[in-house]
Structures are given as C-alpha cells and as structure tokens.
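Student: Fit chain B to the given chain A structure using the hints.
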Amino acid sequence: EAQVTQNPRYLITVTGKKLTVTCSQNMNHEYMSWYRQDPGLGLRQIYYSMNVEVTDKGDVPEGYKVSRKEKRNFPLILESPSPNQTSLYFCASRIQRGGRWETQYFGPGTRLLVL
Amino acid sequence: SQQGEEDPQALSIQEGENATMNCSYKTSINNLQWYRQNSGRGLVHLILIRSNEREKHSGRLRVTLDTSKKSSSLLITASRAADTASYFCATGIASGTYKYIFGTGTRLKVLA
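Protein chains in written order, with the working numbering: chain A, 1 to 115; chain B, 1 to 112.
No lab work stands behind these hints, which were simulated from the structure alone. Be careful, since some hints might not be right.
Here are the computed lysine-lysine pairs in the DSBU-like style, where the Cα-Cα straight-line distance is at most 35 Å [said to hold, decoys possible]:
{"#": "1", "chain 1": "B", "residue 1": "K56", "chain 2": "B", "residue 2": "K70"}
{"#": "2", "chain 1": "B", "residue 1": "K26", "chain 2": "A", "residue 2": "K69"}
{"#": "3", "chain 1": "A", "residue 1": "K17", "chain 2": "B", "residue 2": "K99"}
{"#": "4", "chain 1": "A", "residue 1": "K18", "chain 2": "A", "residue 2": "K69"}
{"#": "5", "chain 1": "B", "residue 1": "K69", "chain 2": "B", "residue 2": "K26"}
{"#": "6", "chain 1": "A", "residue 1": "K57", "chain 2": "B", "residue 2": "K70"}
{"#": "7", "chain 1": "B", "residue 1": "K99", "chain 2": "A", "residue 2": "K65"}
{"#": "8", "chain 1": "A", "residue 1": "K65", "chain 2": "B", "residue 2": "K26"}
{"#": "9", "chain 1": "B", "residue 1": "K26", "chain 2": "A", "residue 2": "K57"}
The model shown is predicted, which means the values in this text are computed figures rather than measured ones.
So here's chain A without its partners, still in its complex pose (with noise of 0.2 Å):
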C-alpha cells in the first residue's frame, strides 16, 4: 500500500531534549517535506527536499533540521527542543512526472508537546 509513514505519532519531551521524528515513504518520490499545524495558523512549511542530499527551507525552518541520506526518509530533527515548537506535524512527499509536480500524500501525523 502506498503511504507516508511518520514515528512518533505522539510525543511528550522537556526543552532541550533532542528529538527525531522519523519520515519514510514508499512511493519513490522526490519531493519531501515537512509542515507544523498550529490553531488559526495553518500548516506552515519547515523544510523540503527535491531529492537524496538536496534540502531547503520553507518558511518556519528555525530550531529544526532535516537531512536526505537516503529518497524513502526526511527525518526532521530539533536539536534542543522549546515550548513553542509544540505543534503537530505532518510529512509529505509528491512525485513529479513529465516535468509536472502531482499531488502530496500526506502522513497521519506526529502531535509534539514540549514541557
């Protein structure tokens, strides 16, 4: 079954604490990302990747990193994480063909909270 798999699904930590949350796809797709869903906000882009080793930031990259070491995974990574990046978090990841980007899939979702 195609799918975007996310681990945790739920998380509680304390500030400072590093974390991974771990992303793998199966669809061999390129394009990987990472959004936060917060109320009356959206979801926020964090960081994207095109491909194995080629990643940018979105528009909320500050306090996380990712990497792409390999197409199926995008962990995303917080180094010392704070309160305020309590939030729940999505993967995704869309393949491109003829030069045309189709449609995302979605992962179930990580809920993160910081104490």
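Tutor: Positioned in the frame of chain A, the structure of chain B alone reads:
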C-alpha cells in the same frame, strides 16, 4: 495577509445544501490543491488543478481557478454530515522555489 487565505473561516449549512469555499493567493502558481482534514487528523487530497486549467470536477466536488484574480473556489454539492471537516487550499509556487503554501482553512459544519 498570507498566501492561500480561505474564505469564509467557518461555514455552517444544512444537509443537502451546497457549500462554497474560496481561496485567494498572492504569487504565481504551478498548481493549487484542495485538502480535507477531519479534526486533528491527517490531510486527505481532494483535487489538484493546474495553472492552465479553469475548472475540475470530482464527484460532488467542483473546483474553479481564476489565475487573473489569483483565486480558487471549492464547491461541495448536496452536502452530507460526513463532509463536516476543515478544508484547505495549498499553492505550489511557480518560480525559483519549490515551496508549498497552505491557507488557514475553512471549517465546514454540515447539520443533519
């Protein structure tokens, strides 16, 4: 205002009525997508419309795109209680970047 703003922010209708949501954006786009999200859950893709298309249909959904006005609308016909959700538009930016920008969403409530 940010790219991809939906209007209205909230909409409450009776079952069987039509629901129309609008999305405005600022910069040139490659495509625009509409998504549905049930409370706190993942996003479900509804329709993708490209910048050279003006209208698309999918079942009870109809999406229009007016690039001259930088706006799109999503029409849900004969709404059902199960359509209750938040609806988001997302724009794929046309030039120099591969960002994707979401609006803040329209919360639709369909009353049985």
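Student: Flag every earlier hint the structure violates by its number, smallest first.
Tutor: none
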